[in-house]
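*Asks:* So the sequences go chain by chain: A and B.
The first sequence begins at 25 in this note's numbering and counts up one residue at a time.
The second sequence begins at 25 in this note's numbering and counts up one residue at a time.
Among the hints, a few may not be true.
When chains are identical, the list treats them as one kind, so a pair holds in a single copy or across two.
Derived EDC-like pairs: lysine to aspartate or glutamate, alpha-carbon spacing no greater than 20 Å straight-line [said to hold, decoys possible]: (1) 136 - 83; (2) 274 - 117; (3) 194 - 333; (4) 359 - 260; (5) 193 - 83.
Hints are computed from structural coordinates only; laboratory data are not their basis.
Predicted, not measured: the structure shown is a model, and the values here were computed from it.
2 protein chains.
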Amino acid sequence: MSKPFIACGIMSGTSRDGIDVAIVEIGGTYPHNRIRHIHSEDYHYPPSVRNLLMKEPEELAFQDVVGMRFMLGRLYGEKALKTLGNAGLKPADIDCIGSHGQTLVHLPGGVKIGWRTVPSTLQVGSGAVIAHVTGITTVSDFRSADIAVGGEGAPLVPVYDYVTLRSTKKSRIALNIGGIANLTAVPKGASPEDIVAFDTGPGNCMIDTAVDLLTGGEVNCDLNGEMAQRGEPDQEELRELLKHPYFRRKPPKSTGWEVFGRPFTRSVLEHMLAKGLSHSEIMRTLTEFTCESIAVAVRRHVAPLMDIDEIIVTGGGSRNPVIMEGLKARFPGSKVMTGEAVGIPSLTREACAFAYLGYLCLKRIPANIVSQSYGLAPAILGSIHPTP
Amino acid sequence: MSKPFIACGIMSGTSRDGIDVAIVEIGGTYPHNRIRHIHSEDYHYPPSVRNLLMKEPEELAFQDVVGMRFMLGRLYGEKALKTLGNAGLKPADIDCIGSHGQTLVHLPGGVKIGWRTVPSTLQVGSGAVIAHVTGITTVSDFRSADIAVGGEGAPLVPVYDYVTLRSTKKSRIALNIGGIANLTAVPKGASPEDIVAFDTGPGNCMIDTAVDLLTGGEVNCDLNGEMAQRGEPDQEELRELLKHPYFRRKPPKSTGWEVFGRPFTRSVLEHMLAKGLSHSEIMRTLTEFTCESIAVAVRRHVAPLMDIDEIIVTGGGSRNPVIMEGLKARFPGSKVMTGEAVGIPSLTREACAFAYLGYLCLKRIPANIVSQSYGLAPAILGSIHPTP
Chain A
25 MSKPFIACGI MSGTSRDGID VAIVEIGGTY PHNRIRHIHS EDYHYPPSVR NLLMKEPEEL
85 AFQDVVGMRF MLGRLYGEKA LKTLGNAGLK PADIDCIGSH GQTLVHLPGG VKIGWRTVPS
145 TLQVGSGAVI AHVTGITTVS DFRSADIAVG GEGAPLVPVY DYVTLRSTKK SRIALNIGGI
205 ANLTAVPKGA SPEDIVAFDT GPGNCMIDTA VDLLTGGEVN CDLNGEMAQR GEPDQEELRE
265 LLKHPYFRRK PPKSTGWEVF GRPFTRSVLE HMLAKGLSHS EIMRTLTEFT CESIAVAVRR
325 HVAPLMDIDE IIVTGGGSRN PVIMEGLKAR FPGSKVMTGE AVGIPSLTRE ACAFAYLGYL
385 CLKRIPANIV SQSYGLAPAI LGSIHPTP
Chain B
25 MSKPFIACGI MSGTSRDGID VAIVEIGGTY PHNRIRHIHS EDYHYPPSVR NLLMKEPEEL
85 AFQDVVGMRF MLGRLYGEKA LKTLGNAGLK PADIDCIGSH GQTLVHLPGG VKIGWRTVPS
145 TLQVGSGAVI AHVTGITTVS DFRSADIAVG GEGAPLVPVY DYVTLRSTKK SRIALNIGGI
205 ANLTAVPKGA SPEDIVAFDT GPGNCMIDTA VDLLTGGEVN CDLNGEMAQR GEPDQEELRE
265 LLKHPYFRRK PPKSTGWEVF GRPFTRSVLE HMLAKGLSHS EIMRTLTEFT CESIAVAVRR
325 HVAPLMDIDE IIVTGGGSRN PVIMEGLKAR FPGSKVMTGE AVGIPSLTRE ACAFAYLGYL
385 CLKRIPANIV SQSYGLAPAI LGSIHPTP
C-alpha cells in the first residue's frame with residue numbers, strides 16, 4: 025500500500041474575518057479517495073489586516089492590493105506552520121498545501137474594460153510566499169482555471185462533497201450554512217456529472233447582520249439561537265421574504281452578501297420594527313427564513329432527482345439549534361446531522377476541501393465537476409508553487 | 025538520447041508596447057543545457073490594450089487590473105498559438121510555456137500597507153488562461169518567489185546568460201540594451217555564483233524619448249542612429265550627465281524609466297536646447313551617454329573581476345550602429361558582437377530566457393542565481409498551471 029498523502033488546506037471566506045487551516049490524510053485514488061480529517065484550527069485576522077480587508081475594493085489603493093498578496097501569503101504560511109506544530113507534525117510530513125486565498129473580486133459575469141467584458145476573479149495570498157515560508161509545495165489560485173474554460177469559478181467544493189459523501193446505498197445532501205447557504209446533492213451511485221450544487225440563499229448573513237444592527241454592534245451573532253428561541257416567527261413576513269426572486273431561479277445559481285447582506289437586511293428590519301415585532305420575533309422570523317429557503321430549494325431542485333436519505337449540515341449554521349431543529353422538522357423522512365457524524369469538521373470543511381483540491385491539482389485531476397456537468401471543458405484547478 | 029524539450033517564452037517588457045514570443049529547443053541537463061533558438065516573433069499590443077497599459081497604476085480602476093489578468097492571458101495565449109503555427113509547430117510539440125506577464129508594479133523595496141512595508145511585485149496575464157487557450161502547461165509569476173526569499177525579484181535572465189555564454193576559455197559579457205541597459209558578466213570557468221549582473225543605466229529610453237519630444241511625437245526612435253550620426257557629442261553635457269548618482273552606486277543595483285524616463289529626459293533636453301545644441305548634436309550626445317555609461321559600468325564593476333574577451337549585445341540598441349561603433353571604440357581589446365553571432369536572437373532574447381525559465385521551473389531547478397550569489401535562499405521561480 026502506498027504511503028498516504030497528507031495535505032493542508034487554508035481557507036479565508038467571504039466574511040473576511042479570518043483563516044481556517046485543516047490537515048487531512050488522503051488515501052486511495054480519485055474518485056475513490058478516502059479523506060480523513062487529522063486536525064484543524066481557525067484564526068482571526070489581526071485587526072490591522074481585517075480593517076484593510078473590510079474596505080471596498082474601490083477604496084483600496086492599487087498598491088495595497090499588490091502588497092496584500094505578499095502580506096497575506098506570509099500570514100497564511102505562518103498559520104499553517106502553527107497548525108502543523110499543534111498537530112505534532114513537521115513541514116516534511118506534509119505533501120502539499122492548498123490555499124484558497126482571500127477573494128477580493130469574483131465577477132464571472134465579467135468586468136468592463138473599455139469595450140470588452142472580461143470574466144474575472146482574484147484571490148490574494150501569494151502561493152510563492154506560502155511555499156517559501158513553509159517549505160511545502162503550495163497550490164493556489166483555484167478559481168481562475170474554471171473561469172478560463174467559461175465556468176463560474178464556483179462552486180469548487182462539490183468534488184470534495186462528492187468524494188466524501190458518495191455512496192451506492194444513500195442519497196445525500198451536503199448543506200453548508202455559512203453567510204450564504206449552499207448545497208451539493210449526491211444521489212446514490214452518482215457519477216461526478218450527476219451531482220447538483222448551488223446556493224440556496226441566506227445562511228447566517230441576515231441573522232448575524234440583524235443582531236449586529238439591533239444591538240448597535242454590541243453582539244455579532246445569535247449564539248446558540250438564543251434570541252430566536254424566545255420568539256415566534258411572523259408568518260406574513262416569512263411569506264413576503266420567500267417571494268424574493270432568487271428563489272424562483274433554477275440552478276446553476278449563486279448569490280452573495282451583495283444580495284442578502286447589510287442593505288437588504290436593514291430594509292427588512294425597518295419593516296418588521298415598524299410593524300411592532302419584538303427583537304426575538306424578528307430573529308426567529310429570519311432564522312426560519314434561512315430554514316424555509318433551504319427547504320424550498322431542496323423541494324424544488326433536489327427532491328425531483330432523488331430521495332433524500334441524509335442531510336449533512338456544516339458551517340456556522342450547524343451550531344444553531346433553531347436552524348438544526350427547523351431543518352429536522354422540514355425533512356421528517358431524512359436524517360439531518362452535522363458533519364462530525366460522518367467525520368467532516370463542520371466549521372473547517374472548506375479548508376479540508378482546499379487541501380483535497382491541492383492534492384487533485386498535483387495529481388493532474390480536473391476538479392471543476394460542476395462546470396463539466398454543464399458541458400464545459402475539464403480544468404485542472406490551481407497553480408503549483410514548487411519548493412527546492 | 026532523450027527527446028529534446030521544446031519551450032515557448034512570452035515576454036512583455038517595461039515599455040509596455042507589445043509581446044515577444046520565442047520558441048527554443050533545450051537539450052542536456054542544467055547547467056550544461058544547450059539552448060537552440062527555433063523561431064520568434066514580436067507583436068504590438070492592440071491600441072485599446074496599450075492605452076490601458078499606459079495609464080499609471082493609480083489611474084487604473086482596481087477591477088481593470090483584475091480584468092487585465094484574464095484579458096492579457098487570452099492575448100498571450102493567442103499570440104503563442106500564432107507563433108507556433110508560423111513555425112510549423114503544434115501545441116502538442118511544445119513542452120511548456122514560460123510567460124513573464126506584464127509588470128504593473130515592481131517594488132522590492134516594499135509598499136506601505138498601514139504600518140507594514142511589504143516587498144511586492146505584480147505581473148499580470150493569467151497563466152491559467154494561457155494554459156487553457158493553448159493547451160500547454162504554462163509557468164508564470166516568476167518574480168514572486170525571489171521576492172519571497174528576500175531578493176529583488178530581478179534580474180532573472182542571468183541564469184539564461186550563464187548557461188548560453190559560459191565557457192572555459194572566454195570571459196563574456198551579455199549586454200542587453202533595451203529601454204534600460206543591463207549586463208551579465210560571465211567569467212571563464214564561472215560557477216553560477218560567480219556571475220555579476222546589474223543595470224548599467226539608460227539604454228534606448230532617453231534616445232527614444234528625446235526623438236519623440238523633438239519631433240512632437242511624429243517619430244519614436246532614432247532609426248539606425250541616423251540623427252545621431254549627423255552630429256557631434258557635446259563633451260561638457262556628456263560629463264554632466266555622467267555625474268548622475270546612479271553611476272557611483274555599486275552593484276547589485278537596478279534602475280528604470282522612473283529615473284531615466286520622460287521627466288529626466290525632458291529636463292536634459294531643455295538644458296541642451298537652451299544652450300543652442302542642434303537636434304543632431306543632442307541625439308549624438310544622448311547616444312554617447314548610453315555608450316559611455318555602459319563603459320563606465322564595465323570598467324568599474326566588471327574589469328576588476330575578469331578580462332573581457334567578448335561583449336554580446338542584444339536588445340534594440342544592438343540595431344543602432346552609433347551605439348555598436350561607440351562600444352567597439354571603447355573596448356578595443358574585446359570582440360563586440362550582436363547576439364546573432366552566438367545564436368541568440370537579439371530582439372527576443374528575453375522571451376528565449378523566459379522559455380528557459382519555464383523549463384527550469386518544471387525541472388525544479390532554483391533559478392534565482394543572482395540572489396543566491398548574495399547569500400539568499402535558492403528559489404524555484406514560477407508557478408505551474410497544468411493542463412488536462
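*Asks:* Just pull the numbers of the violated hints for me, sorted ascending.
*Replies:* Violated hints: 2, 4, 5; rest satisfied.
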